[in-house]
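Sequence lines, in order, name chains A and Z.
For the first sequence, our numbering gives the first residue as 31, with consecutive numbering after it.
For the second sequence, our numbering gives the first residue as 90, with consecutive numbering after it.
In case anyone wonders, no lab produced these hints; they're calculated from the structure.
Each hint can be trusted.
Pairs of lysine to aspartate or glutamate, EDC-like flavour, derived with a Cα cap of 16 Å:
#: 1; chain 1: Z; residue 1: K264; chain 2: A; residue 2: E115
#: 2; chain 1: Z; residue 1: K264; chain 2: A; residue 2: E124
#: 3; chain 1: Z; residue 1: K264; chain 2: A; residue 2: D122
Covered by chain Z, per the in silico footprint, the following chain A stretches (three or more residues, Cβ under 8 Å):
#: 4; region: 105 to 111
#: 5; region: 174 to 180
#: 6; region: 189 to 201
All C-beta atoms, glycine included, are put in the ideal place defined by N, C-alpha and C.
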Amino acid sequence: MKPIHLAGGRPRRPRPGAGGAAAATVLALWLAAAGACRRGDERADDPSTLVEILAQAASTGRLDTLATLCDPSRQNDGFTQRVCEVPRRPGDREEFSAFFRDAKPGMWTSEDTAEGSPGMVLATVVSGRAIRFGTVRRGGIWYLGDMQPVGRIESGVDAQGTLTERAPEAWFVFHAPASGTYRIDMRSELPMMVELYDASGKPLADRYAPPPSPSESGWRETLMLVKEMEAASYWLRVTGYSVPRGGLRLKIQPG
Amino acid sequence: MTESDDAMGGADGPRHRDPGDDDEPQVYAIGRAGAGWSLERREFLAAMSAAAGAGMTSGRPVDELAAGLGLAVDGFAHRDPVTAVAVTRNARLITGSRDRSVKFWTLPEGALVGQATRHTEGVSALATSPDGRVFASGGGDRSVKLWSLTTQEAVSTLHGHTGEVRALVFSPDGKTLVSAGADGTVRVWSIPLWDLEGARPVRTLEVGSPVSALAMDPAGASLFAGDDRGRITAWELRDPEGTRRTLQAHAEPVRALAVSPRGDWLASGGLDGNARTWSLPLLREGTVLRGHGGGVGALTFTPDGAQLVTGSRDNTIRLWRVPQGQLVRTLRGHTGDVNTLAVAPDGAWLVSGSDDRSVQVWSVPEGTLRTTLVDLEVSPVEVQGIRYRVTENGREVTYTLPGGARLPEGAVCICNSVPGSWTPPAPPPRPPRPSQPEPYRPPPSRGGVTHYWYPN
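Extracted from the complex, chain A is given alone in its bound form:
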């Protein structure tokens, strides 16, 4: 099969918390930096503040703000709608607090700030469980749209993940210690799509599906070369295509 070459590079938007000394600590640094104080009208800046508001409400018991978080055009899914109804459902408060008390935003995307634009926040909640929040921008403010669980966020340059019906996407975060070209070796049991983001949440390449036919070993093997990478953190999102479950493994090294 012929190689596919994509040329060019994209400027990356600097953002606090984008770097780290070691890949293993990237996730923790990210979560800590992203959790820094941004409140109130900072919902205009990026959607991750929504997760911080959830955590604050859950830990303090001051729940009134929750009612303002849902899409005013009433396009919410049932899970986020239920979050916004917590102030008027006393029976839900304990469960809300337990689930969202430790919520921390990780990577988010919010490039387009036009009215109705979607955003995304990858966050961890109770027991480190990963949730992807869909968000929407209305009147210059970010609102919750939907939420769904994803697999655990794996970090490092040699990481494994599993896609299931329950967690139909996997996220990896890794740190490039120096500028240059990196190779990402991917092995998967299922057809998959890969999206690569820089630390600011900008997609570096469009989705990528590896060969449709597995090798004799049952694994699909693919190489992704990423040029002009800076010494920074990067995120990979992997989703299955037509097959709901399977394992996958990524190895990332200078190439």
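Fit chain Z to the known structure of chain A by using the hints.
Same frame as chain A, but now just chain Z:
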């Protein structure tokens, strides 16, 4: 070439459109079949879809358009009998079938927007949580599956039943699910609000006879189960002792139960052909609704509580005024047992599922059939000739088309627009079914990444 009801072609006839005309949808749906012409349902509906995409059928359901074309839509929603339908808070329709699949449709249009097969035996029951988070399915594989309505994917499986799961109901707050089935038990499950994997059993209630129907009152305080001995058993859920009452309701198995939206009436349907109402909370006998020519397998109240809808093995659906029990209307359209019914939250649409494999959407106020849901994958059908009507110079003209017919202005094109040169189109490649709600379509590549394929 088939004769038309009026002249075709000529100076006064319909104007021919060249294949290159951008404003004419290039739809190819007719093929020769023996001495006549045939039309694959898949192609026909693809044609409808294309025409709709061109703005030509905006707001018109497929069956209405088909009727205008002289076609009868008798497509199927599932490969096997439809056993369960449910409508979500935001008007998404879910159907389940003996074919093991669960399908998702828009309502009332009836566009298929997703499907999944996660049960290993037929699906017997569906229930949606009132808050629009989740729905549950139960099946012959003895499992209950919890699905996220956000992802339309099963996220948790509840085990415990030792027989087919036949009935499901959510509590009004969405935090409790009750299941029942052929093993004669009623099982109560706790459903977390945001962590569906944490669902767990709370209580098991023994009935002693297979249970095919469940209902809960709007306060979530009383639970009702109908069994194969014709009995209704009631429990007070908030009573830790699980106090129960049992009454003999029907001479044959109870197949359906429903509580009115205000919680003042319980309705039951039995294989004895009757539906009955019972006043709550005391379960005093109300009215016997007689008239069906077969067992009553489905029941639902309209959201305003003014009418009770019954579905029967006599293939009909009946609407009754409550509590008087006066027959308001009979809906005929199915050709098999009506197994399941659901009414949209706004009360505008009634959905019915049947042994005839179809799902039909009815206008409640008008009592008319709005749409028959069609899954192209399971609905091949041949049609001999295609007729359509247009208005020309103030008069309605009907044309019968084979390939090559010339089209009048404004007509919906379901034909080859190249006279005399029609050849059957190659079937389009069948796209793989995505596991995600939205199929992936590779966008144009961009950005500083180089991909290499590793040959296998």
